[in-house]
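Single-letter residue listing:
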Amino acid sequence: MRTKRWLALLLVSALALTACGDGGGDDTTDAGDSDDTTTDDGDDDGADDGEATGDVNLRWRTRPDNQQEIDLYAGIGDQIDSEWDAVSLEYEPGGSETSSYQDVLRTEIAGGTAPDVFWIPGTDIADFANRGLILDMREVAEGSDMYAGDDAYAPGPMELLTYNPESQNSGESLWGLPRDVSTFAFYLNNDLIAEAGAPDPRELDANGEWNWDTFRQVAEAVDALGGDIQGFGINNWWANPGIWMNSAGGGFFNEDRTESRVGSDESVAGLEYLAGLYQDGLGVPYGEDSQPPFQAGQVGMQLTGRWSTPAYRDNDFDWDVVNIPAGPAGAVNWTFWGAYVINANTEHPEEAFELITRLTDGDVQAQIAELGANIPSRVDNPDTIDQFLGFTPPANNQAFIDGLETSEPEGPLWEGDWPAFDSILAPAIEAVIAGDRSLEDFAATIDDELNATFG
Amino acid sequence: MTTLTAVWDRRPRWRLPRAFDAPRWLTIVLCWRVVHLLAMAGALGWALTAPTLEGPARIAALAASAIVLLLDVVGLVGLARGRAVGRSYSLAADYLTFLGAVLFLLHVNRVFVGLDALGETFSRGVPFLLLAVLAWIATGLEERGGVFERIARVGRSVGLLAIGATLLAVGLLPGLATFLVRTAQPLQLGLVVVGLASAYLAWRTFQPDVAQHLGATNQTTRTLDGLLFASPNLLGFAAFFAGPLLFSLFVSLTAWDAFGEPEFLGLDNYVNILALNVGIASGGQSASEVLAAGYSEWFRIGNVVLGARDVLFWRSIRNIVFFTAFALPLSTIPALFLATLLNSKAPGIKVFRAIYFVPSIAGVVAVALIWRQLFDSTIGWLNYLISIVVTWLNAIPGLSITDPRIQWLSDADIALFSLVIVFSWMFIGYNAVLFLAGLQGVDNTLHEAAMLDGANRWQRFRNITLPALKPTTFFVVASTGILTLQLFGENVVLFPTTTPIGAGPQNSTLTPVVYLYEQGFRRFSFGYASAVAWVLFILIFAFTLVQFRRQREDAEG
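Each protein sequence line maps, in turn, to chains A and B. Just so you know, we're using the numbering used here here: the first sequence kicks off at 1 and counts up by one. Just so you know, we're using the numbering used here here: the second sequence kicks off at 1 and counts up by one.
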């Protein structure tokens, strides 16, 4: 018995010591805190791969939407790793949006185990920057030969990414570089639209007749097919009602993004138009996921972003895309974007910055765009956009580029609390669309409620 | 054949030397205690002032050094007075120092981080480990004698060699080399010295001659033995349960975003959560005109407006009370009747028992995902089946029923009931198995006697079965009730796109746990989220207490 006890203790101790060897020479880096990404400090490390080769180990992470993207990003990481002698890279695919990518990331930052470079959505940039979690890399960028300059990237996101919260001016700080951009479009079930005898929205758009009136006509015609067929479908997160407010000449914030203007006449008009569509029963009920019925061939037009393209390439009906319809103020879309940022606690800011420049290189962005999910964020090379237009289906990729040209960049809210703002706005819009709250009451009180989240 | 274990068992026994007799040893321990106490006072000061320590790390360092310092003080005073209690506290301080030094050494040598990598490479050793398991099974043949005895001996040796091969395959040698290289640093060597010294001091002080010299009773010795035996569990409990629990209580009194220093607020978080205000609205007055500043309307009855500072919290409480009011009976009462059906000796009844139990072992996420598809108002199966039934009924002359096309997940009046359905579906089977166990313990002679007295089936169920099931019913109601009050996973999966996530249309499925998750992980308000968690804890505690009281009154009555 005594022997077995000693043997068990020996076994456990030996296994614990084995943990020191990173698996006996496997090509992995420690998954520890940012200190653990160091390899050549000379104070405590002795047998890491990075140390053995003199390399700097960097961990980086994105939020891919599917296995194809994971494979692609892993391949890009391997490619950069093989071309870059001084650095060893470890790619960590984060969870999807529904598996709370940001929550895991925040927990890791709090625990000191977050990667050196990671991707976050544009709406989170201000929150992360104001809390000192990400590095202002302007100084590093100025000393780098690899940086193509602020002008090389999509201007909307860059204006927000270079905002200095102390001086309240853009063009001073640099909190990250956009990985890619995206925008909304209506995905069309051409078979249903043709069956309903409705005009083709792409032709209407080409003729300058794609507006709220013709949108309603098409939706009514498709909905009249009866049964489970729905005219249109949109989902219930902030951007979806937002485009109707934008296109009506309203929006979420005033010009310097320090106050709400959701209660303005224009914003309320946009919401009124949207609520009218639902109250006439033309759409998939607000709050239901409209993607499954669209893919099942039961929805005429579905509003979603470029990211839905890979999944829709398996649709067994004729489909394409069209820009959002023009409201009183035109077709004002969103520019969705996320950025690679540097962990404020990284010990290798220069290498981390160079990694970001490599990850946002035009060739790398072309590889990602080819997958279909996103649009390149580099604007310094027209070939990049031309390549994107060639990645079909959908045939009408130009709709996304048109959408970007007249769009509002999403977040961040430097002078307010975006999660709090969103938590108040979303249920209020749901109540209006469901008819549980009058537009008058909404218009009278919503700005006061939302303005409490600023300052 | 000589096996490796036989050689091991015949090795000469070696014990740690007792360098000094008990009186001299106690003098050394006394001096050590003074040194240790000063070191702990220094550690406490460092934990208070070190700029590199922040938030929970500072609090953990403060708590650990304060506890050991306290043990040092009591131990020092006790030993100075020649009391046995001094030995006990001194032992505890040295034992904790030993453990702390070992754990800190493993931490600075990055062993805990490396365990991730070990997880990736462990598969290399699996074939050898399987061989070791087979060899260990073979050692069980020893009792059969003859050739089996020889097989068992060979198995024992093969097993040891296989374990060694396992360790080599997963990387023992490079791991050992790395550990030794990393340990050859001043800090690590210091930790080794402190750890070994503390271990020896604890061991020597634990010896019977020291206990005898201080007049320790058998009771004291037995207590120390028991505490030592239970210490791994106790320390684990303290580190991973009690510690975080107390830490969350502290955090609930602060404003803290999990990254910087907490700002102490006292009871402000609790006041903001719980504060209510009542106003009387007349002549079309709005809520803001009749409620005190900082309060928003929660609900109104006639002219009476009830306001709260945190309306969303109270909304979550209302939701969870409604949810519990429906989900608790729906997951217990049908379970009781299901159990009575399953409590028969019909052929194949065990298969049915297993089938009904399956939902409770399925993961919440998987179950909720399936239900999300079933609930889809456009292409979901539930509405499809309802449409078929409606069509079928409308075929009856004179009937004209409108297809309801229920919006299970997007109608604020229905979403909570969708959650009730999912929850009840998941837990009916589990509760039925619990009731079944209770039913099988009911004395059958009572039923026979009642039958002789002319009692029908319902009378027997009501007057014999139900009273006999009271302990089971108490457990089922209490445990299910706690689960309903902690509802979280189902919401998040069924309502992934609402804001806050899981809150459902117009916050109709917002529950306290969803709310505290939103506050903590989305809004970085960990202080406020902790306060919500403690309020919920009190609610659950009160619910359980009521159940206990009722159970006790029933037992006594």
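Think of the hints as simulated: they come from the structure by calculation, not from any bench. Possibly wrong hints are sitting among the right ones.
Unchecked claim - A few chain A residues facing chain B, derived, Cβ under 10 Å: (1) T113; (2) Q230; (3) V379; (4) W414; (5) P427; (6) A428; (7) E430; (8) L439; (9) E440; (10) A443; (11) A444; (12) D448; (13) E449.
Beta carbons are placed, not taken as given, at the ideal position from N, Cα and C, and that holds for glycine.
Verify the interface restraint on A/E440: the C-beta must sit less than 10 Å from at least one C-beta of chain B. violated, 12 Å
Should the interface hint for A/D448 be scored as holding, given a Cβ-Cβ cut-off of 10 Å against chain B? It holds, given that the least Cβ distance between A/D448 and chain B is near 8 Å, below 10 Å.
Restraint check, 10 Å cut-off on beta carbons, for A/Q230 near chain B: Constraint on A/Q230 satisfied, holds at 7 Å.
Can you verify the interface hint for A/W414: is its Cβ closer than 10 Å to any Cβ in chain B? With a closest approach of 16 Å, the A/W414 hint is violated.
Hey, does the A/V379 contact hint survive, CB to chain B under 10 Å? Because about 31 Å separates A/V379 from the closest Cβ in chain B, which is outside the 10 Å limit, the hint is violated.
With a cut-off of 10 Å on the beta carbons, see whether A/A444 makes it to chain B. OK, holds: A/A444 within 10 Å of chain B, min 9 Å.
Per the CB criterion, is A/A443 less than 10 Å away from chain B? violated, 14 Å
Have a go at the A/L439 hint: is there a Cβ in chain B nearer than 10 Å to its own Cβ? violated, 16 Å
Return the status of the interface hint for A/E449: holds when the least beta-carbon distance to chain B is below 10 Å, violated otherwise. Nearest chain B Cβ about 8 Å off; hint holds.
Does the interface hint hold: is A/E430 within less than 10 Å of chain B, judged Cβ to Cβ? holds, 5 Å
Going by Cβ atoms only, is A/P427 closer than 10 Å to chain B? holds, 5 Å
Measuring from the C-beta of A/A428 to each C-beta in chain B, is the shortest one below 10 Å? Result: holds, 8 Å to nearest chain B Cβ.
When the structure is compared with the earlier hints, violations turn up for hints 3, 4, 8, 9 and 10 and for no others.
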